[in-house]
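J.: Listed below, chain by chain, are the residues.
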Amino acid sequence: MAAAPELISYQQVRGDLWRPLSGAGPRYLAVVTLLSAVVLWGGIAWAYQLHAGIGVAGIRRPVFWAFYIVNFVFWIGISHAGTLISAILRLTDANWRKPVTRAAEAITVFALMIGGMFPIIHLGRAWVFYWLIPYPNSRLLWPNFRSPLLWDLTAISTYLIGSTIYLFLPLIPDIAQLSEHATGWRRHFYRALSLGWTGSDREWRSLERAMKLMAGIILAVAVSVHTVVAWDFSMSIAPMWHSSIFGPYFVVGAIFSGIAALLLVMSIIRKTMHLEKYLTPHHFDNLGKLLLLMSLLWLYFTIAENLTAWYGNDPSEMNVFGSRIRGHFSPYFWIMVLFNFVIPFVFLGIRRLRTVRTTTFASITVLIGMWLERYLIIVPTLSMPRLAAAWGHYSPTWVEISITAATFATMALLYLFFAKLFPVVSVWEFEPHSNKEA
Amino acid sequence: MEKEATIHALREMKANGFGADRLDVFSQEPVDLPRGLLERPARMSFASVAGAVIFCLLAIGFVYFTQYNYPLVTGGMPLFSFWATGVVFYELAMLGAILTTFFWFLRESGLPRRRRLAVPVVPPGAICLRVRCGPEQQDDAARSLRLAGAVNVRELEEKP
Amino acid sequence: MNEESKVEHRWGMAIDLDRCTGCQACVAACHAENNLPLSDPESAAKGRAVHWIRVDRYYEGEFPNLRVKYMPVLCQQCDEAPCEPVCPVYATYKNPEGLNVQVYNRCVGTRYCANNCPYSVRFFNWFDPVWPAPLDLQQNPDVSIRMAGVMEKCTFCIQRIKRAEGDAREDGRTLADGDIQPACVQSCPAEAMIFGDLNDSESKVSRLAGSGRSTRLLEELGTQPKVFYLQRAK
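Order-wise, the sequence lines are chains A, B and C.
Note that the working numbering gives residue 123 to position 123 of the first sequence, counting from 1, and the numbers run on in steps of one.
Note that the working numbering gives residue 100 to position 100 of the second sequence, counting from 1, and the numbers run on in steps of one.
Note that the working numbering gives residue 229 to position 229 of the third sequence, counting from 1, and the numbers run on in steps of one.
Chain A extracted, bound-state conformation (with noise of 0.2 Å):
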């Protein structure tokens, strides 16, 4: 059982949590360098592809979705992440969240960003995609809201808009302390961002209203897109699409990635920022523990999708689902299932085995295991549709891995220029002198 945090003066606070702040080390820059060439050689091969057309990536009929969408779904999971530490656990006072609740909703608004882009990127023809959007035109033309993706575009932009606001709240008080003590160009940046904060109880009572409302507000909306994703899905009649249990799995197994994430940034940045007091052995311990429950849930929603599946014997899911168990993509199916259930069963739930590294690692397999799991949820339904005339396999090209691995390194990215201009744990909410429980 790993102990409470200790207790830690002020000026240490602020020493520890503002250092990362000032200057960049050459570690910094030559990882910023190799990033921003991934991202580079990403928007190489998008611009490539919309200069030689869509038929660049290996998408064909009948997979008509494939890589592109499976990052979709995978990034908008991930943004489950700051709602559920910083909404469930605010809502419920656990204050242990409190260090982690920062790193957390950042997670939430960069893969919001990084995951809206995806529905532009696989656009046939990406350079009109805002005619998804309601405006007055003189062709007297109209988006459909009947349609699952402009329920998306909704839902998804409303929560984009929802997670920088609540980023930003609580980053208020620790922008207006910065702005005391930073010179520069960033005094002035930290002055206008932090809008005239002083610090009274008026301000602070406010906020802590605002926070509570937004918490509630935040996990109803992310409650919300992540079921409209899946109902790209359901709202189909695709063998295996069609199946009203794709809201909530897909709510679940972003929660579950969500956390996985946030485990393995939290595992990056107290090793590199050298926060071993701040987000403590504690701290993995119990966001362990909602990764194993998080990973038994998955594990009864997997069984409960698959066992009526077989159970009911249609001919076409069967087909879906024995090239799922035994066919061509059981491979992945097995590994899935071995990264998302049995190691994180192994590592997280025999208490021993529960240490930091191991609880990384867990997170390392879960997050490699959910990406699987969106691919198998897409592919192989859509490698085999009900007339089997019109079967056929997908691979990706180098177009769809390259864009792939330019938004891990986007992620990355934007998570470092983050941690440079703000406090990666709230300044704020960490308590030294505290007489509670932590």
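In short, the hints are calculated from the structure, not lab data.
Just to be clear, a hint being listed does not mean it is correct.
Unchecked claim - Which chain A residues face chain C? A few, computed with CB under 7 Å, are given here: (1) Gly-124; (2) Arg-125; (3) Leu-132; (4) Ser-147; (5) Ser-236.
We treat Cβ as the ideally placed atom computed from N, Cα and C, and that holds for glycine.
Here the structure of chain A is known, so what remains is to put chains B and C in place on it, guided by the hints.
T.: Below, chains B and C alone, put in the same frame as chain A:
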């Protein structure tokens, strides 16, 4: 410790006739004062719900009227279908709640503002109690604060 | 007078599977009529070939009692098309004559409609089409060329329908049964395909659709297709 002294001081000030609107507590962390000590009217939840309802109705109206104003050929499907477009109404209602909460927060807290009023720079861990009063009450206020256990009492001019 | 403009048509097709020999003349005719993009064996293997009408082969039994059934599959022009509600820009809808039309210049290329079609009859333009000489000289001026990023599918040769309706209106007569033949129907050597107005109870297609040999593909999905497959009841 500081919190107890602050609460004591606030009670003293209120007993001496200073209303809650003249008292402000500054700190780098939120101070948990007992209920009723410094009453600030709170209507944010109400505003949030109102914002959600208004945006929801606006969204329904928007979708309904635009789908009739831009009547596209739907081949037998109704022009406006409530349940088929219901998700959009829900999301926009949530957006209304979010934006209302945020802007109500800005309104209630007075942000964004330029620091015109005399505002102390509070070191971390310390709590500062600011009393706004006329020049004749200044000495009374200062004496009460010292009696309550203030470590440092400063008098500042309020710039117009 | 404008007799033709008073008539409401509902176009349908009947395909006699007992007559179909699997010769694929309909496929070739459709390519020629509708300016379909070309593909080579390599891109066809990658699933990029476009055939608005295709002939599916089904094998029944074992050698020597093997039977092969040929089934031309084209857009079924469903009355309750699953492809229509999911298009975010309303690029596909059912027109007043019951045809499921695809508006090329509205399509942004989300490909949701293709995923939702249970018959897999929708095709996507992955690249801009290229016709090497002399094929570029044989294109049909009545049919637009689709650019990369746009979805397409069988239209029941709507250009022929419109041409025939226009001619009838000018001549002041109504369309007779058999006046309009899509390219596939016209080219079938076994006369296995019949096209006509389902609203006209005397038309050949209506009589065949109402016959005891008439079935529809994937009827249990409730898509209400307007292509009727005729085969002897087992």
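J.: Which numbered hints turn out to be false for this structure?
T.: none
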